[in-house]
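As they're listed, the protein sequences go chains A and B. In terms of our numbering, the first sequence is residues 1 to 511. In terms of our numbering, the second sequence is residues 1 to 511.
No wet-lab data here; the hints were simulated from the structure. Everything hinted at is true.
Cβ-Cβ distance ranges computed for the label pairs, FRET-style:
(1) ALA168/A / GLU287/B: 49 to 59 Å
(2) ILE237/A / GLU172/B: 41 to 51 Å
(3) PRO14/A / GLN2/B: 26 to 36 Å
(4) ASP409/B / GLU111/A: 42 to 52 Å
(5) ASP187/B / SER43/A: 46 to 56 Å
(6) GLN434/A / GLU172/B: 32 to 42 Å
(7) GLU286/B / GLY440/A: 46 to 56 Å
(8) PRO125/B / ALA168/A: 16 to 26 Å
(9) GLN9/B / ARG25/A: 23 to 33 Å
Computed, partial: chain B to chain A, Cβ under 10 Å:
(10) LEU147
(11) GLU160
(12) ASP163
(13) GLY196
(14) ALA228
(15) TYR231
(16) LEU232
(17) ALA351
(18) ILE355
(19) ASP357
Computed from a prediction, not measured in an experiment: that's the story for all the values here. We put the beta carbon where it would ideally sit given N, CA and C, even for glycine.
Protein chains: 2
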Amino acid sequence: MQLPISVDQEADTPLQQQLAGSLRRMILDGTLLPGTKVPSSRSFSVQLGVARNTVVLAYDRLISEGFLEARVAKATYVCTELPVSDLADLPPQKETRLDPAKDLDRSAVCEMVLNLFSSEGTRPPLDFRIGRPDHSLFPIAIWRRLLLETLGGLKHALFEYADPAGHAFLREALRSHLRVARGVKVDIEQVIIVAGCQQGFGLTGRLLDIYGKDVVIEDPCYRGAEFAFKYLGSNLIPAPVDRDGIETDHLPRNGARLVYVTPSHQFPLGHTMSVARRQKLLAWAEETGTYILEDDYDSDFRYHSSPLAALHAIDCAERVIYLGTFSKSIGPNLRLGYMIVPKHLVRAAHATKAIMDNGHPWLEQVVAGEFIHSGSFENHLIKVRKKYLDRRNLVMDRIQAAFGPSQFDGIDGGMHLTWTLPDHVKCSAYEFQQKAKRLGVGVYSLRESPALQTKPFPGDDRIVLLGYSGLQEDGIEAAIHKLSQLGEHSIRRPRCSQVSQLYDFAQPHPQ
Amino acid sequence: MQLPISVDQEADTPLQQQLAGSLRRMILDGTLLPGTKVPSSRSFSVQLGVARNTVVLAYDRLISEGFLEARVAKATYVCTELPVSDLADLPPQKETRLDPAKDLDRSAVCEMVLNLFSSEGTRPPLDFRIGRPDHSLFPIAIWRRLLLETLGGLKHALFEYADPAGHAFLREALRSHLRVARGVKVDIEQVIIVAGCQQGFGLTGRLLDIYGKDVVIEDPCYRGAEFAFKYLGSNLIPAPVDRDGIETDHLPRNGARLVYVTPSHQFPLGHTMSVARRQKLLAWAEETGTYILEDDYDSDFRYHSSPLAALHAIDCAERVIYLGTFSKSIGPNLRLGYMIVPKHLVRAAHATKAIMDNGHPWLEQVVAGEFIHSGSFENHLIKVRKKYLDRRNLVMDRIQAAFGPSQFDGIDGGMHLTWTLPDHVKCSAYEFQQKAKRLGVGVYSLRESPALQTKPFPGDDRIVLLGYSGLQEDGIEAAIHKLSQLGEHSIRRPRCSQVSQLYDFAQPHPQ
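Generate coordinates for the entire structure from the input sequences, incorporating the hints supplied.
Set out below in structure tokens:
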């Protein structure tokens, strides 16, 4: 079979990419049906007049994407189960198309998305779920009072269309807060209120028009961001992370449209991006014209030392878009977050937000603004930070008591840490999670976390993620007591000196 | 100076467009600095081997976009003040491909978008602005009480991630309401809470993946919808409307991905789509596999006869996505709307909403649900409907008193009507608007309304749009008294019988 495909030797796009693109399109539009055998790399390379390796690389790419599959005798076929029934890849109009109804219903992606974002449902009763605030710590009486005052004083506001970029009062309060807390110095126009980080991902993607362009993500990274960028039609390029953050040596040399990073507390591994790495990342972004999306999702909680200034604060080239949220510090159902955009993107960002939903509901914006302005937010953060630090320490202490000396990471800030299973626990993190679940305890392996991991790395199957913010102290005690059944029997309790040498159980910094 | 630009004579893209694109990129990426003189059209056409007019047209385009400026002696320069903050045309990474979806004057669009969605600002004091509810009619005390009760009873809800499709309580309340009010019978899963109609446009566009596909819009139609579809990369196909709604004979024979209509009260002209036209539209949609987005933005207000059932209610082929909003019935700053999707799109729609922003803030959802459930919403609608009818009648009465017998359209429902200027008013609607503005009265010509009109039609420059919901009775009297200066002097007041023959000032139907 000769496919009606040709490549343009003069184009800037690499040949293998052209080839993969043409094949993908033919599969998606139904020209190449599932189960069809594609030409051998040898014959196809002759037909196209390209190196055989070009065809091999294109096939490899499509195999990894799930469009092709290699079968016996090295023949390659169009997959019988295509990854097409994605949200966006509805079959095209005209006669050839499949039935969108059936197609969407089969969609594995739909399932994954809805699982990721689903409400609580069937979680274990003692759950170390990641990123959940403890509602009992929130000053609900203050919030209620502010809500009433706001509604009384500003009731006309409900009946007007407002600034799509958000209520000026909240933006001003955030501007002041971020200047102190994160070193971010901006004009109020640069602050845009969004419906949580999730909308921030989408707004960034649409603002930068990432359709068909490269977006670098950390590997592993948060799936919510992955979905947002993928479904705006970008090409995701995973880059590995180590203890210093994203590995800048692995960034594409020619840059990308956007790189998405979590410098304060890498999601999910918890590392803080080092200063040197931050500088390298910024230099690369400036040199290549890449934008950086800095997701500072849980930076309100920092336990050791001062927090590093945000990437945005040390960016001289106007490459950084900063994203923060009240989902961790107040509550996720507020759906309230904020973006800081470079000055040259201000108008476009306002317009994009307007096109997306014409702005955020007004009432809780004003309440949140008053909450910050009155100092209640800072008081709340101080209280919560202390509590979460105590809980983090309790988790580490009890786990070492039950399982012996253990390696923890990501403990400097945030709301979760990683625990590397000690050698004497013979099962994988995934199996550990399953066993824990049967005991009524929720712990998370990378595989079952809200993280996308595209490549294995050494020790990844030993890592257990523990969110410690949502469980109260007695819950933590009870949970780890149950977990202790999964370790070796009769573990010696480690000497205290050992523990405290390994981890300085510091007080939260006073800021 | 010879610029390193060449054009591809074989490409599908017109030469002038290629040339303008290359120049724009060189300006945006700083290769061509502000103030640089570009080659004369004559020498450049020789260099490129193209007709001189090709260069002239490319320059003209860039001049209109604000990238180039013509100075003395016909020399052309890169503008010193560049229109940088475009929506998406940021300094590009290496990309040769021209994308039709992006071939837009982004900067001008930015301006238009922000104007459309901007807050009130410098509106005339007596403003017949379209689609503005009267806040004095809203039972704010009831709303306040519900808010308090909700916050007291459900305070934990703030701290959880919830169902991205919206709070079940509101969705159930809406389901019941729409069954009675609009004949729409659906399962709760089909109801999705969105941040107003504007987000509904975007959600529909992303759900149906309209990128690169055809979307039919009414001509004229609401600009907010136009922007939403355009910036998701679709090809907009305007179809004319007459007094029966969208002209089905002008729909593309092979269908489209989506057609966007306003059957209850065509925006902006106000006609109700006839039953015959509804059936034709549905038949065409079924036959061609096109989806219909039914924007029912102001259907809560119906004055004459029973409202026609929604398109959704008579759709047997599951082609209709229904969109409603609380922006007109309660207030726009609530940013609360709802979509009804066909069953086969339920899961994909939930997932798309989750990816977009992970759901709407919870508090006012529950309050709105309680507002409906308790009957307060229906009471409110009855009261407001009566008021708006009175105001509509007052507007027509006073205008005819001042200007003589006049033609009004779009009076059966909604919050605005159209008035065709009588012959003795010699100026165009646009000029009338300008003169009215100088008198402190806001009236709207099609040209200055939030409507996109792509083709002129007979009489379009005689049409004045008057929103009567936001002005109270004394305001209406005062405004039209001022306007009367713009008519012929000493107009005879029409005989009452004449008026009532023309327009049956009916009471609102009792529902």
